[in-house]
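*Asks:* The task is simple: from the sequences and hints, build the whole structure.
The chain contents come next:
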Amino acid sequence: MNPIYLDNNATTACDPAVVEAMLPFFTAQFGNPSSLHSFGNKVGFALKEARARVQALLGAEHESEIVFTSCGTESDNTAILSALKAMPERNQVVTTAVEHPAILALCEHLEKEGYVVTRLGVDKRGRLDLDEYKAALGPRTAIVSAMWANNETGTIFPVEAMAEMAHAVGAQFHTDAVQAVGKIAIDLKKTKIDMLSLSGHKLHAPKGVGVLYLKRGTRFRPLLRGGHQERGRRAGTENTASIVGLGVACELAQQHMAYENTAVKRLRDKLEAGILAAVPRCFPTGDVANRLPNTSNIAFEFVEGEAILLLLNQAGIAASSGSACTSGSLEPSHVMRAMGIPYTAAHGTTRFSLSRFNTEAEIDRVIATVPSVIAKLRKLSPYWGESGPKEESFAPAYA
Amino acid sequence: MWDYSEKVREHFFNPRNAGVLEDANGVGDVGSIKCGDALRLMLKVDPDSERILDARFQTFGCGSAIASSSALTEIIKGMTLDEALKVSNQDIADYLDGLPPEKMHCSVMGREALQAAVANYRGEEWKDDHEEGALICKCFAVDAVLIEETIRANGLTTVEQVAHYTKAGGGCASCHEGIEEILAKVAKEVCTAPTAEKKPTPAAVPPAPTAGAVPPAFTLGAVPPASKLTSFQRMRRIEETIESIRPMLQRDHGDIEIVEIDGKNIYVNLKGACVGCMMEAATLNGIQTKLVEALGEFVRLLPASQLGRA
Numbered sequence: 001m002n003p004i005y006l007d008n009n010a011t012t013a014c015d016p017a018v019v020e021a022m023l024p025f026f027t028a029q030f031g032n033p034s035s036l037h038s039f040g041n042k043v044g045f046a047l048k049e050a051r052a053r054v055q056a057l058l059g060a061e062h063e064s065e066i067v068f069t070s071c072g073t074e075s076d077n078t079a080i081l082s083a084l085k086a087m088p089e090r091n092q093v094v095t096t097a098v099e100h101p102a103i104l105a106l107c108e109h110l111e112k113e114g115y116v117v118t119r120l121g122v123d124k125r126g127r128l129d130l131d132e133y134k135a136a137l138g139p140r141t142a143i144v145s146a147m148w149a150n151n152e153t154g155t156i157f158p159v160e161a162m163a164e165m166a167h168a169v170g171a172q173f174h175t176d177a178v179q180a181v182g183k184i185a186i187d188l189k190k191t192k193i194d195m196l197s198l199s200g201h202k203l204h205a206p207k208g209v210g211v212l213y214l215k216r217g218t219r220f221r222p223l224l225r226g227g228h229q230e231r232g233r234r235a236g237t238e239n240t241a242s243i244v245g246l247g248v249a250c251e252l253a254q255q256h257m258a259y260e261n262t263a264v265k266r267l268r269d270k271l272e273a274g275i276l277a278a279v280p281r282c283f284p285t286g287d288v289a290n291r292l293p294n295t296s297n298i299a300f301e302f303v304e305g306e307a308i309l310l311l312l313n314q315a316g317i318a319a320s321s322g323s324a325c326t327s328g329s330l331e332p333s334h335v336m337r338a339m340g341i342p343y344t345a346a347h348g349t350t351r352f353s354l355s356r357f358n359t360e361a362e363i364d365r366v367i368a369t370v371p372s373v374i375a376k377l378r379k380l381s382p383y384w385g386e387s388g389p390k391e392e393s394f395a396p397a398y399a
Numbered sequence: 001m002w003d004y005s006e007k008v009r010e011h012f013f014n015p016r017n018a019g020v021l022e023d024a025n026g027v028g029d030v031g032s033i034k035c036g037d038a039l040r041l042m043l044k045v046d047p048d049s050e051r052i053l054d055a056r057f058q059t060f061g062c063g064s065a066i067a068s069s070s071a072l073t074e075i076i077k078g079m080t081l082d083e084a085l086k087v088s089n090q091d092i093a094d095y096l097d098g099l100p101p102e103k104m105h106c107s108v109m110g111r112e113a114l115q116a117a118v119a120n121y122r123g124e125e126w127k128d129d130h131e132e133g134a135l136i137c138k139c140f141a142v143d144a145v146l147i148e149e150t151i152r153a154n155g156l157t158t159v160e161q162v163a164h165y166t167k168a169g170g171g172c173a174s175c176h177e178g179i180e181e182i183l184a185k186v187a188k189e190v191c192t193a194p195t196a197e198k199k200p201t202p203a204a205v206p207p208a209p210t211a212g213a214v215p216p217a218f219t220l221g222a223v224p225p226a227s228k229l230t231s232f233q234r235m236r237r238i239e240e241t242i243e244s245i246r247p248m249l250q251r252d253h254g255d256i257e258i259v260e261i262d263g264k265n266i267y268v269n270l271k272g273a274c275v276g277c278m279m280e281a282a283t284l285n286g287i288q289t290k291l292v293e294a295l296g297e298f299v300r301l302l303p304a305s306q307l308g309r310a
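Here the protein sequences line up with chains A and B, keeping their order. The first sequence begins at 1 in the numbering used here and counts up by one. The second sequence begins at 1 in the numbering used here and counts up by one.
As a list, the in silico BS3-like pairs of lysine-lysine whose alpha-carbon atoms are at most 30 Å apart:
| no. | chain 1 | residue 1 | chain 2 | residue 2 |
| --- | --- | --- | --- | --- |
| 1 | B | Lys34 | A | Lys376 |
| 2 | B | Lys44 | A | Lys390 |
| 3 | A | Lys85 | B | Lys185 |
| 4 | B | Lys188 | B | Lys290 |
| 5 | A | Lys379 | B | Lys7 |
| 6 | A | Lys112 | B | Lys34 |
If you want the footprint, here are the derived chain B segments under chain A, 3+ residues with CB under 8 Å:
| no. | region |
| --- | --- |
| 7 | 18-32 |
| 8 | 38-50 |
| 9 | 53-60 |
It should be emphasised that the hints constitute simulated quantities derived from the structure, not laboratory data. Treat the numbers as computed from the prediction; the structure is a model and nothing was measured. Quick reminder that beta carbons are idealized off the backbone N, C-alpha and C, glycines included.
*Replies:* Next up, the structure:
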């Protein structure tokens, strides 16, 4: 029985066409694109082509707005640190409570250095309050960073409107679009977004390559200084093979965009409906009406996520969890806590994230497997009786 | 995914003694759904022999929590209560061929449930001494409360010392920044505390030598009263302290000898396995702390190679 991979928000398989396009750049096309001889020239042209493909997927106005980096985290860090350096008279970062650690850990660090960080909360569906956002903006705001789509729930934020509001107070706007790029249509030239991060390995390109989109005219300070690569905005010899792979992946993503939002979405909806119908006491988290087409995050009450993942894995199904135990921390995921998901369910949240490579037969098998996994664990749990929760009768003296 | 042993996997996928024990006469409930793991341990104890005739469990939690519960019931079945109370969380972990360091708390929960169940059988009230703060060191499951208390109690000033006393930071090192923050917080409080009568001035501290794994000088923290020992008593005290530490080093196939005592600088040779050991700096730091405690004054412990340089 083939394993079923439903953890595409964590990482994706490289598309075979991506791998094929990359291979020559490990052998014959090994040149340094900065070199003036023909070894370098050929690679330089390949990078130019890749840049144009990324530009097309993002709808960027200029090719030069695409800066290749090593990963989404580097792009995120570069964007925020650049804004604070470029505008020293401003000391505030506005972000949200549900960002990826690439943003949140950096903000925590900046706070210790004396910067002011405002984290916008979300409602129980994971949605922002734009009035609260507007109130947080001010003349000291250097940058706003809000994710385009949430990695755990798939919830989409209104980043285009948020970018306009940031510009109204003279602040830059950055979006971590690592989960959104390739899954929903993006047309940056029509927006006021100044900076955007993307990561190759979330859209069937290899790990170790990312992009920072930098709108022309945005004041910028590089994170890495050195050579003149990427027009001096990101020094360091280019990861040529991976950049070529990312270019191909972006072209493929554009070709499959419609499929992603119809066929993949239909499979996701089928999976979610199938599980919700068969398992008592579970519910989908996030803004179900406004989320990525591939993501379903289901909270199972009175069971623990790591145990779910282990049993699913044994059945050949790979998913992911917001439980504390999967990360080694004591608290369940910050996204679930920000949404106020009760503890009875937060530890049992399980994320299924699909890709264009999943099939109907796979989804049928998952729907058939999940109910027995949850039932097995509930049978072991002191919080679950014969027919349902018995939370009241189990209240340990020590917590 | 965690690197679980085959035994942990086996006990998770096929837990022993799971379910309700109808005629239990000792029940221990620990944990909470908020923390992500909870356990009810049910014992059937023979009142005459105090022997555990049967044990069952119900657990809400991760793979290792369920496996630890299963292992616990297997271990204690047939034991007397007194025997069972001697079972440590390490015994549970050993039974499972080890647990990942971050998961050791699962075995602790097992032991606590056992204590609670025995107390329940005996009609006693069980009080847990469970302290909880933010988890700083994930490798050895050490929280902020324990680290801060240990720093205060022992006047620790370096990450190496904290690792020596609590194990925190002794593994992957990713929490060193967090430990440094706690050190800084405590140091700041001690400096501003009104009880600190005499603050050490920077000039009183010898300049730090430049080479090798040399323990940094004490610059902050609770200052012990100045030594009132005679030179002879002081020398003897230093000797006694080093002697008391040697067995611990020898157990790890290392050793230490005093080479020279020059005022506040005490020069030693580390020998055997201590030579070139990764923990050399931590070892010196720990011994230096012991010497400071024993003498009631600041001294610095330096490798003999530093002789004539400091």
